[in-house]
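Enquirer: If you want the building blocks of each chain, they are given just below.
There are 2 protein chains.
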Amino acid sequence: MSTSDRIWTAALVVIGDEILSGRTHDKNIAQIASWLQVQGIRLKEVRVVSDDMDAIVAAVNALRHQYDYLFTTGGIGPTHDDITVDAVAQALGVPVVIHPEARAILEEYYRDRPGGLTDARLRMARVPQGADLIPNRMSGAPGIKHGNVHLMAGVPTITAQMLDALTGTLEGGAPLLSETVGGWIKESEVADLLREVEKAHADCQIGSYPFFREGQTGANFVIRSTDADALASCVDTLCEGLGEMGFDFTPGGI
Amino acid sequence: MSTSDRIWTAALVVIGDEILSGRTHDKNIAQIASWLQVQGIRLKEVRVVSDDMDAIVAAVNALRHQYDYLFTTGGIGPTHDDITVDAVAQALGVPVVIHPEARAILEEYYRDRPGGLTDARLRMARVPQGADLIPNRMSGAPGIKHGNVHLMAGVPTITAQMLDALTGTLEGGAPLLSETVGGWIKESEVADLLREVEKAHADCQIGSYPFFREGQTGANFVIRSTDADALASCVDTLCEGLGEMGFDFTPGGI
Chain A
1 MSTSDRIWTA
11 ALVVIGDEIL
21 SGRTHDKNIA
31 QIASWLQVQG
41 IRLKEVRVVS
51 DDMDAIVAAV
61 NALRHQYDYL
71 FTTGGIGPTH
81 DDITVDAVAQ
91 ALGVPVVIHP
101 EARAILEEYY
111 RDRPGGLTDA
121 RLRMARVPQG
131 ADLIPNRMSG
141 APGIKHGNVH
151 LMAGVPTITA
161 QMLDALTGTL
171 EGGAPLLSET
181 VGGWIKESEV
191 ADLLREVEKA
201 HADCQIGSYP
211 FFREGQTGAN
221 FVIRSTDADA
231 LASCVDTLCE
241 GLGEMGFDFT
251 PGGI
Chain B
1 MSTSDRIWTA
11 ALVVIGDEIL
21 SGRTHDKNIA
31 QIASWLQVQG
41 IRLKEVRVVS
51 DDMDAIVAAV
61 NALRHQYDYL
71 FTTGGIGPTH
81 DDITVDAVAQ
91 ALGVPVVIHP
101 EARAILEEYY
111 RDRPGGLTDA
121 RLRMARVPQG
131 ADLIPNRMSG
141 APGIKHGNVH
151 LMAGVPTITA
161 QMLDALTGTL
171 EGGAPLLSET
181 VGGWIKESEV
191 ADLLREVEKA
201 HADCQIGSYP
211 FFREGQTGAN
221 FVIRSTDADA
231 LASCVDTLCE
241 GLGEMGFDFT
251 PGGI
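Going line by line, the protein sequences match chains A and B. According to full-length UniProt numbering, the first sequence is numbered sequentially starting from 1. According to full-length UniProt numbering, the second sequence is numbered sequentially starting from 1.
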């Protein structure tokens, strides 16, 4: 494998009882996954764990060596249930310190706001020793980067700001390209075709994603490859096959 | 701890490249989490892994001993990328067999449908040896239960049918009750209050979930307990405290 073929990988730890209780629908998995795709980095695994020291430490330590990058979301706010910084510091074996630049950012942000920089708010300047900051234009409180570990907010709009600040700063490989073809097709009717087309195009993977909508069965077929020509050829072969079988299909998916 | 205080736990493995690519927003985590709450079972961990044999086997084996129940979603359909049954069988150390009842269900379902019961469709009757079926009224193809491991569909509406069939069949404990209080309140302004109220109510946990909406900052505070009286008392104390600090708040959350 040449350097240019190197596949860069990432994992995500979503920290939050609110996701595990079913109360909040997570939006950060899809948001971070899509962003990583554009950076040429593949999200390979996600773990959702509760607001529990041991659970966070275990997940961080299991994943940070296994993948090129690790992201966490949630638990970096000012309240008592925000323990991500402490847990990641413990996982990394470093103490928690106040980051002077983070303190300065928060001092500036809260200068003219009611209450000023309280002890609770100053918690948001705490980082595992040796960390850098990830700017966040929205609320002042920065994200945190320590080696390959990136601590992001739980609120998706704030995480979006932090991802924006990180764009282009992480080394990645060739982005995984994808094309979708969809139709009101039962996937069981085209299972053989999908298997054969994938087998004939070694550099491509085909995923089949069935759905029920408006009382009808359909499926989207997603073809993925890092090679644009291979991808186009695979899509053509699949569309030809679907056409020969008499199916209507829609490039781009339905 | 008396038997009635026993806490029952579950984990979920979401199988699907479509979630890890960011293409599909997962709905099964919240759906299964909410359903488990009602059964008196706590969802403690979720792992999202790719459509990869080794990744599924590793996740299933890491979690099935650690928690009372394990659920998987995705990868039990008729196409080549549906490898969950094979992976779970490998994790359990049993062969894959055709389940006679599943075959009968599929024969009946496809009797009058175009194409009939093809080899691809018969794949959906494959189970790890020793498994029972979880009925699915929607599409015929059943879910699968083997010991404490439950294989559910990837399509959320089908998983909903399977959960319905499982309702009341799993032993659980006292359901975790929760109340929410929300307001256009910056959580950093009430961080001390939240910590003190939680400390004063040992049987309750308070989670703080900030959000940005319509250009404004707010937060919902979720109080959880298995004890209804303790919960009510904790909510009262929190509301009293918020009132004393001059905050408007909404029972039920905003």
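Mixed in with the good hints, there may be bad ones.
Said to hold, decoys possible - Here are a few chain A residues that face chain B, going by a calculated C-beta distance under 7 Å:
{"no.": "1", "residue": "H25"}
{"no.": "2", "residue": "I83"}
{"no.": "3", "residue": "T157"}
{"no.": "4", "residue": "A160"}
{"no.": "5", "residue": "Q161"}
Unchecked claim - Quick partial rundown of chain B residues pointing at chain A, CB under 7 Å, derived from the structure:
{"no.": "6", "residue": "W8"}
{"no.": "7", "residue": "A33"}
{"no.": "8", "residue": "V48"}
{"no.": "9", "residue": "V49"}
{"no.": "10", "residue": "P78"}
{"no.": "11", "residue": "T79"}
{"no.": "12", "residue": "E196"}
{"no.": "13", "residue": "L231"}
The hints are simulated quantities; they were obtained by calculation from the structure and are not laboratory data. Glycine residues also receive a C-beta, built at the ideal position from the N, C-alpha and C atoms.
Enquirer: Which numbered hints turn out to be false for this structure?
Expert: 2, 4, 5, 6, 12, 13
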